[in-house]
Structure formats: C-alpha cells, structure tokens
Amino acid sequence: MYLLTQVTSWRDNRDSSQRVHPRDVWELGYREYLINPNRIVDLKVYGNGSQFLFSDNHRDRRESNSFLRTNSTVAEIITAHDTEFASNFITLPFCPKNDPERTPVDTTLDVGDIAYFDRYNDDPDNFCWVIYNAKAFKRIEQLVAYNIEQVEDVAETGTTTTSTSTEEGEQ
Amino acid sequence: MSLFSTIVTEWTTKKPGNRLRVAINDTFMLNTNRIIEMVATSDLTSAFWYANDPDDARDSPDHIACNCDVYAIQQYHDRVETDKFGTFSIFPGWDRTETPVDTEIEWTDICYIYQTPTDYSERTSHMVYYRKAWERVECLIDMTPTDVNVEAGFEAV
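Protein sequences appear in the order of chains P and S.
Our numbering puts the first residue of the first sequence at 1, with every later residue one more than the last.
Our numbering puts the first residue of the second sequence at 172, with every later residue one more than the last.
Any given hint could turn out to be false.
With the C-beta cut set under 7 Å, the calculated list includes, among others, these residues of chain S facing chain P [claimed, not checked]:
| no. | residue |
| --- | --- |
| 1 | 207 |
| 2 | 208 |
| 3 | 210 |
| 4 | 222 |
| 5 | 225 |
| 6 | 227 |
| 7 | 228 |
| 8 | 233 |
| 9 | 236 |
| 10 | 241 |
| 11 | 248 |
| 12 | 249 |
| 13 | 251 |
Some chain S residues near chain P, calculated using beta-carbon distances under 8 Å [said to hold, decoys possible]:
| no. | residue |
| --- | --- |
| 14 | 172 |
| 15 | 209 |
| 16 | 211 |
| 17 | 214 |
| 18 | 220 |
| 19 | 231 |
| 20 | 232 |
| 21 | 245 |
| 22 | 306 |
These aren't lab readings, by the way, just hints derived from the structure by calculation.
Just so you know, even glycine gets a beta-carbon here, dropped at the ideal spot from N, CA and C.
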C-alpha cells in the first residue's frame, strides 16, 4: 500500500528540482508525498523517522536513486508495504495534456508502476501529480483529478468517498 | 497477474512482423503485467500500451485495442497462479515431430500466446516469452490456450 509521509529532505540527481521546496520547509518543515514502498532501498532509522534510497524507475539500471528523510518510522513503512492494495490495478482520472480544465479520462495503471504522488500546488484540494513508469521504458508525470487523500482511498478500497472541494466565487 | 484470452482489434508495434492476421480470429492470450495506461473505449472494449519486455528500457511499448473491458482485465490481473512457475512443453527447434521438453517458465516472463490454424488442428500454440530483460524467445508449445489456463490453475474463468 502507498504511504502518505512527511518528507523532510529529498535529494535527487534526476532534474535538480527541489522536491521539498524551501517554502515547504519554512512553512511546515516538510512536504507530504504519497510514496510507493516498492521503490525503497536501504531503509534505516533516522532520529524519530527514517531515511532511505528511492528509485523513480526501479526497472531501469541507468536510474540513480534519490535520498529521502521522512517523519515515518521504519515500522510504519514496513506495515504499509505489507498491506495489500484493493486491486493490482488502480483507476485514476487523468487530465489530458495535464490541463486541469479538460475533462478527465479514467485510466488504469498497475499499482506497482507508480512511484509517488505529489500535491498540485495550484489546487491541492482537487488535483495531484502522479509519477509513474511505462514499465522500464520511461518516466511520466501526469495530472490527476483527485487529491492525494482520494488516491489513498482508491488504493485502499477501490473507490473514493471523499469529495473534491469547489471554490465559490463572490456573487 | 495472469494471462487472458481476447480478440485484438488493433496492435501497433515498432517491431518487425505482423501481429494481426496471424492468429485465429486475432485471438491472443495477453499478460496483464505488461499493461500500461488502460482506458475503456466502450462498455465492452479497452485500449492500452503493452510492454513486450517490461524490464528493458529500450523496449518501446506497443499499442493494443481489444474486445475485453477494463473491469474484466482488472479481475484477471488480481488472480494468482497456483505456482510462480508454469510448466510448458516446448518443441525443440519448432519441430512437431520432436518430443516436447517440459520447461519451467515464470508466468511474469510470458508476453503472449496464440494459435495459428495449423496450431489449432495440431493442438499446439505459439508462445513469446522473455529471458528477463535479456532476450525475446518465440517457441512452439504442445499446449492449447485452455491447457495453459489449466496449468495456471484457472480452469473456469
């Protein structure tokens, strides 16, 4: 099962992006990600949490791992990895061309192909990013019309009971 | 993860050779563990990318449309074979006159299985599997798709 975790540090060689932005650190001290434990290597205790290597594309030997520190304990990560998904496939509403204005298309992925989910900064209550692999071939970033909690629901139960929120404009 | 039989209506590939108009009625046993980005194209049909060799970064996935709906494929993907290995009777050198050799192959390594008209009358099948990321292997097995299902432990679907 995926694990919603507070990541305090994420160092990667892939794109030099700051996955835990200084703004996140300044505001909360962490950024929440929904990660797939099947990408974790060398899991160790660090303080009250954990540290480990994480593979964005575990099937590709050219992919160097990134390094994470999180507030989740080793035991919590092990429990998450031992928990079964509702199904080996997960269906997510993909926004075509990563455009939140477009009508989402339900798309089914193997749960093992997904690396992690990240909140969509512009509208985290209604959208999130899924980072997954087309098997070993390539890494894909896709906008999904679910928030992270809804994705957690779907992975765990096969359906979501949480509704997305709508901003109401002034009349 | 499991193999499931379906009629394929589109199979676009960059690899050499035709996929369609080879098997009887274009019916193939496909492996759910190769499917990427599956979408429903109607209530009864679906389309998806299909990785021939999911462990090889050089392998660009094919595109397949088939007469099996998303829900059914999901059910197939949630099945578990009796053993991680299946026993396949492979004819040495594609020669039906030779004695087939029982060979253990992991279910996850099988890409697809189909029957040509000759296979149908001889009760054999063509099978494509991968030696992990290393290489693609095509062989002739002394089994029908039904026999393969029985070997997996899925007699009634």
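Quick rundown of the hints versus the structure:
1. 207: 5 Å, holds
2. 208: 5 Å, holds
3. 210: Holds, because the Cβ-Cβ distance from residue 210 of chain S to chain P comes to roughly 5 Å (cut-off 7 Å).
4. 222: 4 Å, holds
5. 225: 4 Å, holds
6. 227: For residue 227 of chain S, the interface hint holds, since the closest Cβ of chain P sits about 6 Å away, which is under 7 Å.
7. 228: 4 Å, holds
8. 233: 11 Å, violated
9. 236: Because about 14 Å separates residue 236 of chain S from the closest Cβ in chain P, which is outside the 7 Å limit, the hint is violated.
10. 241: 6 Å, holds
11. 248: Cβ of residue 248 of chain S sits 5 Å from chain P, so the hint holds.
12. 249: Result: holds, 5 Å to nearest chain P Cβ.
13. 251: 10 Å, violated
14. 172: 7 Å, holds
15. 209: 4 Å, holds
16. 211: 7 Å, holds
17. 214: Nearest chain P Cβ about 13 Å off; hint violated.
18. 220: Where the cut-off is 8 Å and the nearest Cβ of chain P is about 6 Å from residue 220 of chain S, the hint holds.
19. 231: 6 Å, holds
20. 232: At 6 Å from the nearest chain P Cβ, residue 232 of chain S passes the 8 Å test, so the hint holds.
21. 245: 5 Å, holds
22. 306: Result: violated, 15 Å to nearest chain P Cβ.
Checked against the numbered hints above, the structure violates hints 8, 9, 13, 17 and 22; every other hint is satisfied.
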